[in-house]
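Visitor: Model the full assembly from the supplied sequences, consistent with the hints where possible.
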Amino acid sequence: MIELKNVSKEYLLGTVRVPALKDISLTIGSGEFTVIAGPSGSGKTTLLNLIGCVDTASAGTVSVAGQDTSKLHETKLTDLRLHTLGFIFQTFNLISVLDVYDNVEFPLLLMKNLSKQERRERVLYFTSKVGLGGHLKHRPGELSGGQRQRVAIARALVTRPKVVLADEPTANLDSATGQGIIDLMKSINGSEKTTFLFSTHDQSIMQQARRVIRLHDGMLTGEGGS
Amino acid sequence: MIHFKIALRNVLAQKFKTAVIGIIIVFGTVLAIVGNAFVDAVSSGMERSLISSITGHIQIFSKDAKEKLSVYGTSEGGVSDIGHVNDFLRVRDTLIRNIPEIKDIIPMGSNMAFFSPGNIMDVRLEELRALLKPPKRDTARIHALKNHLRAMVSDINDDFHNNVEKASLFAQDNDFKNAPADIAKATAPGFWTGFDSGGEQKIEFLANRIAPLIFDDNVLMFHFFGTVPQAFAREFGLFEIAKGSMIPPGMRGFLFGDYFYENYVKHRIARRLDSIKRKIEKDGQTISRSKALQDLVTANVSQAAEIYSQVSPDEARKLVPALQRITGSGDKGFRELVAGFLRTTDADFADRYRFFYDHIAPHIVLYRVKIGEIFPLTAISKSGYTSSVNVKVYGTFQFKSFESSMIAGNFSIVDMISFREMYGFMTAEKKEQSKALEKEMGISNFGRDEMESMFSKSAPAAAPNNEPDSALISKMKSAAAAALGRKQNVIGQEYSKEDFEGGPFPHATVILKNPRKIKHVMKRIAEVSSAEKLGIQAEDWREAAGFMGQLAFVVRAILYVCVIVIFIVAAFIIMNSMLMATMERSREIGTMRAIGAQKKTILSMFLNEAFILSAIFGLIGTAIGILIILIIGHVGIPASGDIASFFFSGPRLYLSVNGWHILIVLLFMSLVSVLSTQYPAIRAMRISPLEAMQRSE
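Chains A and B, in that order, are what the protein sequence lines are.
If you're matching positions, the first sequence starts at 1 in my numbering and goes up one per residue.
If you're matching positions, the second sequence starts at 1 in my numbering and goes up one per residue.
Rather than coming from a laboratory, the hints here were simulated on the basis of the structure.
Glycine included, every Cβ here is placed at the ideal spot set by N, Cα and C.
Keep in mind that the hints are not guaranteed to be accurate.
Stretches of chain B that chain A covers, calculated by requiring three or more beta carbons in the stretch to come under 8 Å of a beta carbon on chain A [said to hold, decoys possible]: (1) 4 to 12; (2) 386 to 394; (3) 677 to 691.
Guide: Dropping the structure here:
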């Protein structure tokens, strides 16, 4: 599903080259529930950005669903993000002026080929799946952090992506709420067979992952599983 | 749809930005709509004013004219050098026969005239001269006039001794070298004691030597048109007589434009009082609040001499108690009382205005030329010399609904025969007169020899006509007297329609049955003129009105510049507000991009937002604009001052709604907001999906 070969990423900080990832090679198969673990600054987000096609590698190749992302044009990359990937952000990143229903429907409207009926069915299915069926008319400002992240999960899933990428999805939540989110992701992983790849530095969450990829200073330092 | 929804929600959510942009769009739209309606009203007011007063729909004139015709004169203040066309009747009949759209053609000619009515001493001397003629001898009036003249001479004497500047002017100017002696002679008591004996000579002395010492700006300059008054009145439907009467059919005569008569011929003080009254009554101004009215009062006070120098000492004495009553002043001097009387306030203006016309006006020269009077109209002839004709003033005219328009009311009209005479055309009448003159003198072959024999001391030996010189001279004298008699008779003589309309004309007004056919008729005139060899060309009313015709265009250009400047400013403010909003929303835009929104989706979202803003606020602005137009259309903007009434072509300006303008303004406003959104939208499109990831590591 996802394959990285000798991927490196450097950022320019003024004239100084700062390495963020160094020679990473890894494969993530379909239906996996994988955590990228590591302290702050270890390169977790950079790795997710490369896999999520919102950033490009300085060296090496990143393949998502069999496509070498470095060879894709901007428009194609956007299409790939829309149809193949789902995103869950640390800060939820909902569209503040839209209600729950519209936020979840938004990516479906971008897909353009779905009927109104189909869009409606999908939105209702996923919002009820995340337990927000009763909050469809609420705006993000009217929801708790946990509820917002549930909306974000529904939005990430509604396009039926092959892979959902989540960057520290529980970092802004209390531990009980965070656990609820992880449980939800796990259950969807079980029922929908969606690949989940998320970063965290929370030990308790790492322990619940089936596979843990450890990063330190931009390098793979080990792998494990529960 | 979602783009529209997001855009709409953004518009509602970002209240400050929306308010700023909204106010600008509303303001720009209102200004553009009301401004356009205003310019339309001014423009159509001026168009109506021009077409229905003097230019008609089309003007025709000689094809060989050196300049284009500008009926209101050239920018240098002269009259257009357009030559003339010889046979009006032929031109008129040919055009009307060939072009059915033409309703009528009226011959015209324009020129500048001047007339010096003389100063107050001249006026009073003229009155005295008439009274001294037998048999009527109104001794009381003669006495009063003499006293008035004596007072004027005394004033001149005082001025001469106290005003150093004037004394030195007299000393330097050769024309005034005898002034001191003349003044001394006129102030000597003996000059006045025996005035009645040899009065005529003393009047001549005062008129020739003393009256010129009163300096004033008493020359009237004005623009006039020669035409056929009856045809003019018939074809310009708004024409009406304001004062006096119409020139009778077949008669020669003169009509002042009422606006000009009231504003330039009338006594200055009276004119200012009228103006104050008008502004108080029509515009609701007050002297205490209006600087303009205060200025008028101050001007009247400082020029009080224009009244007291015109009132004879006897009448002044009689007026003193009444003036003391109305001013509540204990002053005994007439001059101080007049100045105090003119220092009017809101509380006493109405009473003083009435008092002025009831008690003071009868003793002053209220109009420098009176209706019914015959006065010498002097103009520049085509050869460049001045030429005068005596004309009778029958009255004044105005154009209904343009009574206070400077455009329509600033010219006067004279009959075409007098115009031709002044302009130097050899009219049929003149030709006949010169023939008659020759016949009476029996000198049909009057040649150089005869002329020489007349003026040389030694009679030529072989004169063809052997009459003695004295007989020839007496014949000439009687013929000249006959000619003079004829000239005087001109006033009462009747003329046929052909006399007025036949013969040469500088230009002519073409009146159409349907004003929309101007272009077509102009084309036809050119065709007919060339086919029938009429030798004429045509101009539409706008060209013929010269700089006046361009004024509406200039006003519109100024408005457009203002609107464009405001729109540019608006565009910058909109752009900045949108740019700030873009920066604030960069995470949201980054998120949209991350979850699969293409760049064009972001662009479309911004364009939707611009469209919503311009639609909502453009419509609000349009509604406010239409409301303002409807209110002004009902109430009208009062023209305060001459400049305003000039542009308004009337006392009030009424606006009307023009659907096309509103549509254009709305489209333009939308274009401005869409264009000013381009840069923020481009910046938004460049926002990377990485923005969504910020703060996560």
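Visitor: With reference to the structure, classify each hint as holding or not holding.
Guide: Here is how each hint holds up against the structure:
1. Closer than 8 Å: that is the beta-carbon criterion, and the segment 4 to 12 of chain B has 5 residues meeting it against chain A, so the requirement of 3 holds.
2. With 0 residues bearing a CB less than 8 Å from a CB of chain A, the segment 386 to 394 of chain B misses the requirement of three and the coverage assertion fails.
3. For the segment 677 to 691 of chain B, the proposed coverage by chain A is satisfied: 3 residues have a C-beta within less than 8 Å of a C-beta in that chain, meeting the threshold of three.
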